[in-house]
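Going left to right, the sequence shown walks through residues -27 to -1, 1 to 161 as mature numbering (1 follows the signal peptide of the UniProt record, and there is no 0) numbers them.
By construction, these hints were calculated from the structure, which means they are not laboratory data. The reader is advised that the hints may include incorrect statements.
Here are the computed lysine-lysine pairs in the DSSO-like style, where the Cα-Cα straight-line distance is at most 30 Å [what the hints assert, rightly or not]: (1) Lys90 / Lys39; (2) Lys5 / Lys26; (3) Lys90 / Lys5; (4) Lys26 / Lys90; (5) Lys48 / Lys5; (6) Lys39 / Lys26; (7) Lys75 / Lys39; (8) Lys2 / Lys75; (9) Lys48 / Lys75; (10) Lys2 / Lys26; (11) Lys90 / Lys48; (12) Lys2 / Lys39; (13) Lys39 / Lys5; (14) Lys26 / Lys48; (15) Lys75 / Lys26.
Just the calculated beta-carbon pair ranges, DEER-fashion [stated by the list, open to error]: (16) His65 / Asn87: 34 to 40 Å; (17) Ala13 / Asn72: 29 to 35 Å; (18) Val96 / Glu37: 14 to 20 Å; (19) Asn67 / Leu102: 17 to 23 Å; (20) Ala(-1) / Asn64: 27 to 33 Å; (21) Asp47 / Ser16: 34 to 40 Å; (22) Asn14 / Asn58: 21 to 27 Å.
The beta-carbon is built from N, C-alpha and C at its ideal position, and this holds for glycine as well.
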Amino acid sequence: MMASTPSLFYCMFLIVSIAATNSPVEASKEFKVGWRTPDANESAIYDQWAARKRFRVGDSLRFEYKNDSVLVVDKFGYYHCNTSNPISTFNHGNTTVVNLDKPGPIYFISGDPNHCKDGQRLVIEVMSLHQVAHSPPSIANPPDSAMSPSSLSGSGVSDSVTLVSVSVAVIATSVTLFSAPFPFVSYV
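Work out the full structure: start from the sequences and follow the hints.
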């Protein structure tokens, strides 16, 4: 006895729905960056912080600072602390949120060239959504919280829609397959 097309469709929909609710979905993250001039013995603090994080498209950085600014620059501007031709300038108050909307490196420096030369600069590598990366090994924060640019990353604020897209594709394929007569079944 052959099941009807609506029954098959319902079964496929139920299977996909259950799979979707049991699959983990990665949320976007907001990373807090305490934007300040590092002390003399902390010149690599931003490099060390970025090395422990995984940034993905859809995440954001929240820069918190006083009497300073954040510039997004090209690679040359980053390595030479060149503030004359920034891609973007953020100097509105004491907090700036930068959305990471494309993969690749992003270079940040202080708007004060002397702060940049003292180590107040950050480069991050943003991964695309489809890349799967394992979390870095757990590294304890230094005992003095003032030594790290960020204590903890923020909570997730938006969900990935990849799983929904896959579910729709599976359902559409199932409907197409099961709505056509089966060539190997004889109808008597």
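Results for each hint:
no., hint, result
1, Lys90 / Lys39, "holds (18 Å)"
2, Lys5 / Lys26, "holds (11 Å)"
3, Lys90 / Lys5, "holds (22 Å)"
4, Lys26 / Lys90, "holds (23 Å)"
5, Lys48 / Lys5, "holds (23 Å)"
6, Lys39 / Lys26, "holds (24 Å)"
7, Lys75 / Lys39, "holds (28 Å)"
8, Lys2 / Lys75, "holds (15 Å)"
9, Lys48 / Lys75, "holds (16 Å)"
10, Lys2 / Lys26, "holds (11 Å)"
11, Lys90 / Lys48, "holds (15 Å)"
12, Lys2 / Lys39, "holds (23 Å)"
13, Lys39 / Lys5, "holds (15 Å)"
14, Lys26 / Lys48, "holds (20 Å)"
15, Lys75 / Lys26, "holds (17 Å)"
16, His65 / Asn87: 34 to 40 Å, "violated (22 Å)"
17, Ala13 / Asn72: 29 to 35 Å, "holds (33 Å)"
18, Val96 / Glu37: 14 to 20 Å, "holds (19 Å)"
19, Asn67 / Leu102: 17 to 23 Å, "violated (31 Å)"
20, Ala(-1) / Asn64: 27 to 33 Å, "holds (30 Å)"
21, Asp47 / Ser16: 34 to 40 Å, "violated (22 Å)"
22, Asn14 / Asn58: 21 to 27 Å, "violated (31 Å)"
Checked against the numbered hints above, the structure breaks hints 16, 19, 21, 22 and satisfies the rest.
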